[in-house]
Each structure stands twice: as structure tokens, then as C-alpha cells.
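Fit chain D to the given chain S structure using the hints.
These protein sequence lines map, in sequence, to chains S and D.
Residue numbering for the first sequence follows the working numbering, starting at 1 and increasing by one per position.
Residue numbering for the second sequence follows the working numbering, starting at 1 and increasing by one per position.
Please keep in mind that the hints were generated in silico from the structure rather than gathered at the bench.
Please note that the accuracy of each hint is not assured.
The calculated lysine-lysine pairs, modelled on PhoX-like cross-linking and capped at a C-alpha distance of 25 Å, are [what the hints assert, rightly or not]:
#	chain 1	residue 1	chain 2	residue 2
1	D	K83	D	K59
2	S	K65	S	K40
3	D	K13	S	K24
4	S	K23	S	K7
5	S	K24	D	K102
6	D	K102	D	K83
7	D	K59	D	K70
8	S	K79	S	K53
9	S	K7	S	K79
10	S	K65	S	K7
11	D	K83	D	K12
12	S	K53	S	K23
13	D	K83	D	K13
14	D	K102	S	K23
15	S	K40	S	K7
16	S	K47	D	K102
17	S	K23	D	K13
18	D	K12	S	K23
19	D	K83	D	K70
20	D	K102	S	K7
21	D	K102	D	K59
Remember, predicted model here, so these are calculated numbers, not experimental data.
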Amino acid sequence: MLHTVNKSPFERNSLDTCLRLAKKGSAILLIEDGVIGAVKGTVQSAKIEGAVKDHPVFVLGPDLKARGLAEDQVIDGVKVVDYAGFVDLAEEHGTHSAWL
Amino acid sequence: MAEYEFETEGVKKTFTFMNRKAPYGTVYALEVLETVLISAAFEQHANIVFADDGVYQLKAGHDTTGIGMKNFSPTFGIIEMEKEDADEDEDIDMVWRIIVEKESMEARGLTADDFKVEVEVLSAAELADIVDASDCVISG
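So here's chain S without its partners, still in its complex pose:
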């Protein structure tokens, strides 16, 4: 299963609930404002730093770039993907769960 999170962890609890209810091993992709959760050195960073131990975690590059966030600011273990990568993840994982 592929889980997507599109809200900032500073604004909503979508990331928290995703991490609580996503089965170990399932993939997580951060998109839109959700990419803020993938940034190093914030008070929210520990969430994704912990998540990479249990899940493959991805972040959508164009959404990082749009917000002035560079790839080298992304937490270690999180893979940056483009839209084609997003499509590949959707195709590979079949079922999708959106955390809004």
C-alpha cells in the first residue's frame, strides 16, 4: 500500500495519524505541503527520521522546489522522486491511502 500525506505536520495531524496507521513496510510519499515533514532540523523532523526505519519514505521533488526547499535539506533515508516516480510508486503499490 502507498500512503500519501499532503499536509504540513505544523498545521495538521495527518502525518502523525499516517505513521500510526500505516502498516510497517508500506510506502509513504510526502506531497504538496506534506513535503515540509521531510525537512531536516525542524521540531517535526523526528517523525520522519523515525519513519524511515519502518517504511520506504519518498518526497515529491517539484513540491520541495516550489517551496524553496533544497534536496540536501531532506532527512537522510528519504528518497526524492519526480512525477514519473510518483506514477511508478502508485503502479507498484496498487492500493492507495490519502491522509488529508
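Leaving out everything else, chain D in the frame of chain S:
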């Protein structure tokens, strides 16, 4: 007007309806509820899940007279009846579960007695397995 033909014969899937928003503040709760009822028309399996502020959708005693909005909580009574029919009637191949996430319920100082309908209270870990095993997740 276009005519649609639905090829649903023999199609049986397990839907998880993930309700995470409080009622009335946004339209999410009502929209998901409508989708649940549509899935009943097609006799599909459903896990109707309430987590985060979604647990307030089930709170007994909604009174919306002061806010000028329709109180949709009686619909949960219909859902409970639908579930009971499906559970009792051998001819209906439809399994419905009404599930509340324990962590969300407890974080809000609620117990199962606060809800309008009978629910299964499951931990996040138990719920994670159910979400992962579903064919389709509808989020709201």
C-alpha cells in the same frame, strides 16, 4: 444524457472509509457518509473507521438546530441497521464493521458509551492491518 452501464456483477471489494474530520465544520464527514451508503447499494464489504476528530461524528446527542445545518447523525442509525441486516441475512454477502481507533477516542476523553451506535474499538496496530488489507481506502 449519457447512459451508464455498471459491470458490477460478481465484483466484491473491501472498502475502508477513513473518517478523520469532526462533523459540521467541513463537508468531509457528510461526503464520506454518502459514499458508504452507495457502497451498500453495490453490496460491498466496508470498514467504516473513525479516527482523530472523526470520532466526534459518532458522538450521541448532536443538536444542530442552532447552526442551521442538517443533523446527519441519524444516518448512523441506518448504517447500524444495514450492518445488522447484512450480519443476519445469509443471502446478503456483505460484511460491515464500524470501527473506532482506541488512541483517538481516549485522547478525546471519550468511551464507547459516548457513541450513538455500537462500535468495535481497535488499537492503531490492529487498525493498521485492516487498512493494509483493504482493496480501496476512501479518505475524509
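Results for each hint:
1. A C-alpha spacing of about 19 Å is found between D/K83 and D/K59, which places the hinted pair at or below 25 Å, so the restraint holds.
2. Distance check on the hinted pair: S/K65 and S/K40 sit about 15 Å apart at the alpha-carbon level, within 25 Å; holds.
3. Proximity of D/K13 to S/K24 is assessed by CA-CA distance (about 23 Å); at most 25 Å being required, the pair is judged to hold.
4. Restraint check for S/K23 and S/K7: satisfied, since their Cα atoms lie roughly 20 Å apart, inside the 25 Å limit.
5. Taking the CA atoms of S/K24 and D/K102, the gap is near 19 Å; set against the 25 Å cutoff, the hint holds.
6. For the hint pairing D/K102 with D/K83, the CA-to-CA distance comes to about 21 Å; that is within 25 Å, so the pair holds.
7. A hinted pair counts as satisfied when its Cα atoms are at most 25 Å apart, and D/K59 with D/K70 qualifies at roughly 16 Å.
8. Between S/K79 and S/K53 the CA atoms are separated by roughly 13 Å; this keeps the pair inside 25 Å, and the hint holds.
9. Restraint check for S/K7 and S/K79: the C-alpha separation of about 18 Å stays at or below 25 Å, so the hint holds.
10. At most 25 Å may separate the alpha-carbon atoms for a hinted pair to count; S/K65 and S/K7 meet this at roughly 16 Å.
11. The hinted pair formed by D/K83 and D/K12 meets the criterion: a straight-line CA distance of about 16 Å does not exceed 25 Å.
12. The straight-line distance between the Cα atoms of S/K53 and S/K23 is roughly 13 Å, inside the 25 Å bound, and the hint therefore holds.
13. Between D/K83 and D/K13, the direct Cα distance comes to roughly 16 Å. Compliance with the 25 Å bound is thereby established for this hinted pair.
14. Among the hinted pairs, D/K102 with S/K23 is consistent with the structure: their alpha-carbon atoms are about 17 Å apart, no more than 25 Å.
15. Among the hinted pairs, S/K40 with S/K7 is consistent with the structure: their alpha-carbon atoms are about 17 Å apart, no more than 25 Å.
16. A distance of roughly 21 Å separates the Cα atoms of S/K47 and D/K102; the hinted pair therefore holds under the 25 Å criterion.
17. The hinted pair formed by S/K23 and D/K13 meets the criterion: a straight-line CA distance of about 20 Å does not exceed 25 Å.
18. Note on D/K12 and S/K23: the hinted pairing holds, with a Cα-Cα distance of about 23 Å set against a maximum of 25 Å.
19. Of the supplied pair hints, the one linking D/K83 and D/K70 holds, its CA atoms being roughly 23 Å apart against a limit of 25 Å.
20. Note on D/K102 and S/K7: the hinted pairing holds, with a Cα-Cα distance of about 23 Å set against a maximum of 25 Å.
21. At most 25 Å may separate the alpha-carbon atoms for a hinted pair to count; D/K102 and D/K59 meet this at roughly 14 Å.
In the structure shown, no violation is registered for any of the earlier numbered hints.
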